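Quick mapping for you: the protein sequence lines, in order, are chains A and B.
When we follow our numbering, the leftmost residue of the first sequence carries the number 36, and every step to the right adds one.
When we follow our numbering, the leftmost residue of the second sequence carries the number 3, and every step to the right adds one.
No wet-lab data here; the hints were simulated from the structure.
Source: prediction; values computed, not measured.
Just a few of them, taken from the derived set where beta-carbon distance is under 8 Å, the chain A residues facing chain B:
hint, residue
1, Tyr63
2, Tyr67
3, Gln70
4, Met71
5, Ile73
6, Val74
7, Phe75
8, Asp77
9, Glu96
10, Ile97
11, Asp100
12, Ala101
13, Gly103
14, Ser104
15, Gln107
16, Gln108
Quick list of the computed label-pair ranges, beta carbon to beta carbon:
hint, chain 1, residue 1, chain 2, residue 2, range
17, B, Pro15, A, Ser126, 33 to 39 Å
18, A, Lys47, B, Ile29, 34 to 40 Å
19, B, Phe105, A, Leu351, 57 to 63 Å
20, A, Ala43, B, Ala112, 52 to 58 Å
21, A, Asp65, B, Pro18, 25 to 31 Å
22, A, Met110, B, Gly28, 27 to 33 Å
23, A, Ile134, B, Lys67, 37 to 43 Å
24, A, Lys92, B, Ala100, 32 to 38 Å
25, B, Ala112, A, Ile51, 42 to 48 Å
We treat Cβ as the ideally placed atom computed from N, Cα and C, and that holds for glycine.
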Amino acid sequence: MNTGQDDASLRKAVSIYKFFLSLYPRKYKDAYAEQMLIVFKDLYREQKEKYGGIGVKFWLEIIADAVGSIFQQYMNKLTIDVLKKFLIGTSIAISVFVIAFFIVSAMIWLFNTFIATKGFATKRYLSSFSHKYSSVIKNDIFNDVFRQAKKCNQLTREEQIQLCRSEVGKTIGDVLLEEELAKDWYWPHDLSFVKKENNTFYKLGWDGELKDISSDVRQDILTDKQSYVPLILQRNCNYFQIANICEVYETLQLDKGNKGYLVRLYPAFEEMEFKFVISLPFYGFLIFKSLLNSQHFSWGNFFFMIFTFINITVPLIIVIFALRFYKRKFREKPKLKKRSR
Amino acid sequence: MSKLKMFSEQEAPLTPAVFYILLSLGIKERHGYEIMKQVQEDSKGKVKLGPGTLYGSIKKMLDEKLIAEVNERPDPLMDDERRRYYKLTELGKKMLSAELQRFADALEIAKRSKLSISFSLGKLAYV
Chain A
36 MNTGQDDASL RKAVSIYKFF LSLYPRKYKD AYAEQMLIVF KDLYREQKEK
86 YGGIGVKFWL EIIADAVGSI FQQYMNKLTI DVLKKFLIGT SIAISVFVIA
136 FFIVSAMIWL FNTFIATKGF ATKRYLSSFS HKYSSVIKND IFNDVFRQAK
186 KCNQLTREEQ IQLCRSEVGK TIGDVLLEEE LAKDWYWPHD LSFVKKENNT
236 FYKLGWDGEL KDISSDVRQD ILTDKQSYVP LILQRNCNYF QIANICEVYE
286 TLQLDKGNKG YLVRLYPAFE EMEFKFVISL PFYGFLIFKS LLNSQHFSWG
336 NFFFMIFTFI NITVPLIIVI FALRFYKRKF REKPKLKKRS R
Chain B
3 MSKLKMFSEQ EAPLTPAVFY ILLSLGIKER HGYEIMKQVQ EDSKGKVKLG
53 PGTLYGSIKK MLDEKLIAEV NERPDPLMDD ERRRYYKLTE LGKKMLSAEL
103 QRFADALEIA KRSKLSISFS LGKLAYV
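The shape of chain B in the complex, shown without the other chains:
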């Protein structure tokens, strides 16, 4: 991947799928189905990945070196040996951390501006 692309993507917000996959792998190494479940759980069911979407995102993230395949299986005895596990790379960690920082900053700005989230409408509103 070109440095330019890397730079531009670091600057741009991540897609929900990529963000939640990074988030799920931030905790531990996981295989596809585990990632899928974790994403669903973390997003409270808002981001639901099918196998196609999941592996499309995984492929993209592998290409961009945000995640990597794990050579050593976390628990070889407990699992189907054909399953592939994925982990965050250093770049992935940086990206996730940058994205979380972005959320934190946005939240800080919202607080300073006395913005609160109107859950009933699902929109930002002044109080």
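So that you can see chain A by itself, here it is in the shape it has in the complex:
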């Protein structure tokens, strides 16, 4: 039979034990705290009946048991939750990255093409420029460009660079010809054009003659399967704009901040002329791949890429979190399962 004193001491003991119960993970607490409290009360009563009081040993055992168990439950929770979160988080991160990567790639392409064309084309041609830009390069129109140009490229590398310096920004006017749209364009200067035949590289001269330049071509270009390795010099274009259409092998530093780029065409332009939209991510991939080439890596380009990437990914992440918040807040709460007695 419990006296009032016993009840008070039990209440005190229960409140102490409840404190320990409160330290368990929430799910575990919801499921087992009540049962544990019942067992604790049983133990307490048994102890009291057996020994006439509660000793330090009892409390030491209870506390050791509770602390060990709390730690164990958190470890279990941590293992399961962290693993689950890691897997879910990784999947989401990869998905977001892939989506963002594709969107960013497309945006870089469109944005840079727009910038690149701004100085060279009138507005009415902009919409068709991207496609024309690639097809112009793809086709042998360069041959005509060079044929009609006044300079011969029977020059040394230094002379080429010197020539670039003097020619940058000048118009080639309607040499892009054939294409009605191209008449008003100010085309970026292309100073040489290299053709590959049976592992021999020929430079196309202004007079239309081919000159063997294999000994002057870098080994990585020689082993490449591309047919053409044009040397393109552009003004007002950054690396990304060049990388939109070509893989850059080498950046030439010119006067007044101008740069020349030794490039080759992407295989994409050979194969995907009419699949322009579909192949956007592919271009994006090539752009990023190209950036990894340390030769023309620059922090400016790197930050430009990161900035563009953040501009796309941050809104995406915000949208994802907003959706998750919305789902958590407004989803139907699960009904509590009633235990049959």
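Fit chain B to the supplied structure of chain A, relying on the hints for placement.
Chain B in isolation, oriented as in the chain A frame:
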């Protein structure tokens, strides 16, 4: 629980707590405190479960479907209605039986090898 985990655990010996809880529930359905007392008795006081350890093991065994909560109370009039009772599942029975068989086999091997238990040292010794 995955089949792989199930398999691996069937192969591995049970922890003392899990084994004695299974053993105690092998006799009849019990609630937490009863299990605790039975385990202490069966193990001759060697395995002493506190409420935390007990319900930690119960949770684990419920998750692994070795035991299940009993919906019908064995004796509703005699007991606190908040108490939950547990019973062995088929898997739990198989597991317990496999573990007992393991002990029996080990004992058989020990007998064949003329091993006996030196109680004074608490270690195995040749005779």
